[in-house]
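In this text, residue positions in the sequence shown follow the working numbering: the first is 29, and each later residue adds one.
Derived by calculation from the structure, the hints in this document are not laboratory data.
These figures come from a predicted structure and were not determined experimentally.
Do not take every clue at face value.
[Unchecked claim] Now the in silico label distances, taken between C-beta atoms and shown as ranges:
no.: 1; residue 1: S117; residue 2: M264; range: 26 to 34 Å
no.: 2; residue 1: I202; residue 2: G260; range: 36 to 44 Å
no.: 3; residue 1: E71; residue 2: D241; range: 38 to 46 Å
no.: 4; residue 1: A161; residue 2: T37; range: 13 to 21 Å
no.: 5; residue 1: G242; residue 2: A161; range: 16 to 24 Å
no.: 6; residue 1: T37; residue 2: P293; range: 27 to 35 Å
no.: 7; residue 1: S119; residue 2: E296; range: 23 to 31 Å
no.: 8; residue 1: D65; residue 2: R115; range: 17 to 25 Å
no.: 9; residue 1: A211; residue 2: P236; range: 16 to 24 Å
We treat Cβ as the ideally placed atom computed from N, Cα and C, and that holds for glycine.
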Amino acid sequence: MNWRIGNRTLDLTQRGLVMGIVNVTPDSFSDGGRFDDPGRAVEHALALIAEGADILDIGGESTRPGAEPVAEAEELRRVLPVIRAIRASQSSVLISIDTMKAAVARAALDAGADIINDVTGLRGDAGMIRLAAERDCGLVVMHMAGDPQTMQTAPHYDDVVAEVRAYLEERLRILTSAGIDPARIALDPGFGFGKTLEHNLALLRELPRLVIDGRPLLAGVSRKSMIAKVIGSAAMSDRHWPTVALTAFAREHGARIIRVHDVRPNREALRMMEAILGRV
Numbered sequence: 029m030n031w032r033i034g035n036r037t038l039d040l041t042q043r044g045l046v047m048g049i050v051n052v053t054p055d056s057f058s059d060g061g062r063f064d065d066p067g068r069a070v071e072h073a074l075a076l077i078a079e080g081a082d083i084l085d086i087g088g089e090s091t092r093p094g095a096e097p098v099a100e101a102e103e104l105r106r107v108l109p110v111i112r113a114i115r116a117s118q119s120s121v122l123i124s125i126d127t128m129k130a131a132v133a134r135a136a137l138d139a140g141a142d143i144i145n146d147v148t149g150l151r152g153d154a155g156m157i158r159l160a161a162e163r164d165c166g167l168v169v170m171h172m173a174g175d176p177q178t179m180q181t182a183p184h185y186d187d188v189v190a191e192v193r194a195y196l197e198e199r200l201r202i203l204t205s206a207g208i209d210p211a212r213i214a215l216d217p218g219f220g221f222g223k224t225l226e227h228n229l230a231l232l233r234e235l236p237r238l239v240i241d242g243r244p245l246l247a248g249v250s251r252k253s254m255i256a257k258v259i260g261s262a263a264m265s266d267r268h269w270p271t272v273a274l275t276a277f278a279r280e281h282g283a284r285i286i287r288v289h290d291v292r293p294n295r296e297a298l299r300m301m302e303a304i305l306g307r308v
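Work the whole structure out from these sequences, hints included.
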């Protein structure tokens, strides 16, 4: 199982990747306001690299349920200094831009980013597919029902696993028909994006069904509200170890990229599970 990002081809058959989250936002659900200063964001990013992050996912617009949209200029103001500073000091680390806007993605790629991570599955901005076809970047294509403002308003599926799989298959077909090499695409079922607790649990149980045409699967479960519902505590500090457990479970069931806030413990869980699976 390979993922092609520019002139790099990553073999994910044996070892998965850890994507460390860098939210340059005042209102993200977990760490909003902690790293909205570019200097603090860069310091945090470098710490995640030291902990073993393979990818840094830089975001300047919160996609938590009910989040308000951010103007393009403001999003650019937040993310570009961070990407430039990281790239200036770290030539080899992979950088992902977490955005729904083609103009932001383009500027981020020009500043040194390698991957576009779009929670709309490259359907929120008509220019995103054109940009992806022009460039040779990696892509993360996610499933989301609705948009961040509406996605948690009584989400309904007849069969959540079948419907998410069908959506991802369709996006893969559309992107491929636009001239995008499928080897550049990773797929994300979108835990917490337009899904109830039961929807999220069903997707976790059936993760192997979401591996499509050999494309790597990304699992983003870090500190999500579904953890709070299961453990009976809303405290963010109580979501740390359940996230680590979900990392191990997701890797065992087919995920190859794990998107997390806390890199070191989740990287260790990933490596431990891979040792059990005989993949080290």
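Can you name, in rising order, the numbers of the hints this structure does not satisfy? none
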